[in-house]
Amino acid sequence: MDCREFSEKHLAFVDDTLAGIELVRMQRHISECEGCAKQDSKIRRALLLFRNLPAIEPSTGFAERLAARLEEAHENDLLRETTTRNLRRGAVAATFATLASAAMLAYIGSTLYQTEMTRDVVMPPVVALATEPDLSPITTSTPAIVTSASAGLAIWPVALFAEEAPVRFAHSRFELAKLSR
Amino acid sequence: MAANIVRKQISPAVGPTVRERLQAMDDSAVVTAFLGGEERAFSELVTRYQTRLLNFVYRTIGDREKAEDLVQEVFIRVYRHLHRFDRSKKFSTWVYTIASNLAKNELRNRSRNPLVLFQTVQKNFQDEDRPLQFEDTTSRPDDMYRKRHLREVVEESVAKLPEHHRHVFVLRELEGKSYEEIAEITECNLGTVKSRLNRARNSFAEIIAPYVD
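Just so you know, the protein sequences line up as chains U and C, in that order.
So the first sequence is residues 59 to 239, counted in this note's numbering.
So the second sequence is residues 395 to 607, counted in this note's numbering.
Since the hints were derived computationally from the structure, they do not count as laboratory data.
Where hints are given, some of them may not hold.
Unchecked claim - When the alpha-carbon atoms are kept at most 20 Å apart in a straight line, the in silico EDC-like pairs for lysine to aspartate or glutamate are as follows: (1) U:Lys96 - U:Glu122; (2) C:Lys588 - U:Glu115; (3) C:Lys483 - C:Glu574; (4) U:Lys67 - C:Glu574; (5) U:Lys100 - C:Glu549; (6) U:Lys100 - C:Glu600; (7) C:Lys588 - U:Glu122; (8) U:Lys96 - C:Glu600; (9) C:Lys498 - C:Asp420; (10) U:Lys100 - C:Glu546; (11) C:Lys588 - C:Glu600; (12) C:Lys498 - C:Asp421; (13) U:Lys100 - C:Glu550; (14) C:Lys588 - U:Asp73; (15) C:Lys588 - C:Glu575; (16) U:Lys96 - U:Asp60; (17) C:Lys588 - U:Glu63; (18) U:Lys96 - U:Glu66; (19) C:Lys460 - C:Glu575; (20) C:Lys484 - C:Asp420; (21) C:Lys460 - U:Glu115; (22) C:Lys483 - C:Glu569; (23) C:Lys588 - C:Glu546; (24) C:Lys588 - C:Glu569; (25) C:Lys498 - C:Asp463; (26) C:Lys588 - U:Glu80; (27) C:Lys483 - C:Asp421; (28) C:Lys460 - U:Glu122; (29) C:Lys483 - C:Glu581; (30) C:Lys498 - C:Glu569; (31) C:Lys498 - C:Glu581; (32) U:Lys96 - U:Glu129; (33) U:Lys67 - C:Glu600; (34) U:Lys100 - U:Asp74; (35) C:Lys554 - C:Asp480.
Using the sequences plus the hints, can you model the full thing?
Here's what the structure looks like:
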């Protein structure tokens, strides 16, 4: 074994994870090479010092501070959970409102489109089955008077007045059908 | 739920049977118990890991106060995301991965803000800020001084290692993690882990040699 190989395998040598034959070769190299033996003992001594450093213990207030921080974290989690739930609810409501608006717009759009389409629909011709009544002309021997009354007057006095008024000034034949057409 | 955990953690009135039962369980079973509604299981996880994580983070970042904050942050993340933990994997690897990422972020933030680094380093080297409770009080004063000085030298030497070497070094030498676990925690391949560890060991030995020879 040379020094390079010794150096490469030194990690496993210190950790005692080398196979039996390798271990023997390493030990033999130490007994032969003063430099590697020195390096080996230097590392082992240093590691011994480090491994024997006194452990530090948590300070007296550690448990209380941890307890307070855990409680605070728990409260924050609850708050965050509530906020998330509310936001989720809001998002659902907003989605619903958006969908409703979209549906309404779609309905209005389709209605307008349909109106546009049905504007020029031609209806079938109407066939009149009843015969037009024969309008006979009003015939009176005396001339009639046509009068009107303003809307401010009561209707019955006007009607009586019209009935009793002398009718001799008007022409006796008056065709209503012609006038109404 | 958190409040209950808190109360039970502080209060000694935890039912002895449940506590003993939890203590006898492995990590996976404790996690299952917590997810099944046994709130005291979280306290058991805290008890198991707080010191180990504190030492790991402290040796990585070199600031005790900040290390405590980060370890608390680890537990908060564990508490929040335990339901997402893949129980086919080791809980310890998962928790160390969280701690490792937080420590890395802390070091990255420091490198972006040299003022913070300076203040932290300065505070770390003030004697009154350093914990004394780990000294052997039965020793003579000169022995205590020597031990304390040696500890400082070791800590300073570790701090001199490059960040990614130190990370692997602490996980292996202090926490006793396997190469595979370290690879998983640091998200590196096995070859990189071995290479970094080898370099870290050699560098550390070189740095500390003048003080111990």
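A quick look at each hint next to the structure:
no.: 1; hint: U:Lys96 - U:Glu122; verdict: 49 Å, violated
no.: 2; hint: C:Lys588 - U:Glu115; verdict: 30 Å, violated
no.: 3; hint: C:Lys483 - C:Glu574; verdict: 13 Å, holds
no.: 4; hint: U:Lys67 - C:Glu574; verdict: 18 Å, holds
no.: 5; hint: U:Lys100 - C:Glu549; verdict: 17 Å, holds
no.: 6; hint: U:Lys100 - C:Glu600; verdict: 8 Å, holds
no.: 7; hint: C:Lys588 - U:Glu122; verdict: 40 Å, violated
no.: 8; hint: U:Lys96 - C:Glu600; verdict: 12 Å, holds
no.: 9; hint: C:Lys498 - C:Asp420; verdict: 28 Å, violated
no.: 10; hint: U:Lys100 - C:Glu546; verdict: 19 Å, holds
no.: 11; hint: C:Lys588 - C:Glu600; verdict: 18 Å, holds
no.: 12; hint: C:Lys498 - C:Asp421; verdict: 25 Å, violated
no.: 13; hint: U:Lys100 - C:Glu550; verdict: 18 Å, holds
no.: 14; hint: C:Lys588 - U:Asp73; verdict: 11 Å, holds
no.: 15; hint: C:Lys588 - C:Glu575; verdict: 12 Å, holds
no.: 16; hint: U:Lys96 - U:Asp60; verdict: 15 Å, holds
no.: 17; hint: C:Lys588 - U:Glu63; verdict: 15 Å, holds
no.: 18; hint: U:Lys96 - U:Glu66; verdict: 16 Å, holds
no.: 19; hint: C:Lys460 - C:Glu575; verdict: 25 Å, violated
no.: 20; hint: C:Lys484 - C:Asp420; verdict: 10 Å, holds
no.: 21; hint: C:Lys460 - U:Glu115; verdict: 14 Å, holds
no.: 22; hint: C:Lys483 - C:Glu569; verdict: 18 Å, holds
no.: 23; hint: C:Lys588 - C:Glu546; verdict: 27 Å, violated
no.: 24; hint: C:Lys588 - C:Glu569; verdict: 16 Å, holds
no.: 25; hint: C:Lys498 - C:Asp463; verdict: 14 Å, holds
no.: 26; hint: C:Lys588 - U:Glu80; verdict: 18 Å, holds
no.: 27; hint: C:Lys483 - C:Asp421; verdict: 11 Å, holds
no.: 28; hint: C:Lys460 - U:Glu122; verdict: 16 Å, holds
no.: 29; hint: C:Lys483 - C:Glu581; verdict: 15 Å, holds
no.: 30; hint: C:Lys498 - C:Glu569; verdict: 17 Å, holds
no.: 31; hint: C:Lys498 - C:Glu581; verdict: 12 Å, holds
no.: 32; hint: U:Lys96 - U:Glu129; verdict: 55 Å, violated
no.: 33; hint: U:Lys67 - C:Glu600; verdict: 19 Å, holds
no.: 34; hint: U:Lys100 - U:Asp74; verdict: 17 Å, holds
no.: 35; hint: C:Lys554 - C:Asp480; verdict: 36 Å, violated
Hints 1, 2, 7, 9, 12, 19, 23, 32, 35 from the earlier list are contradicted by this structure; the remaining hints agree with it.
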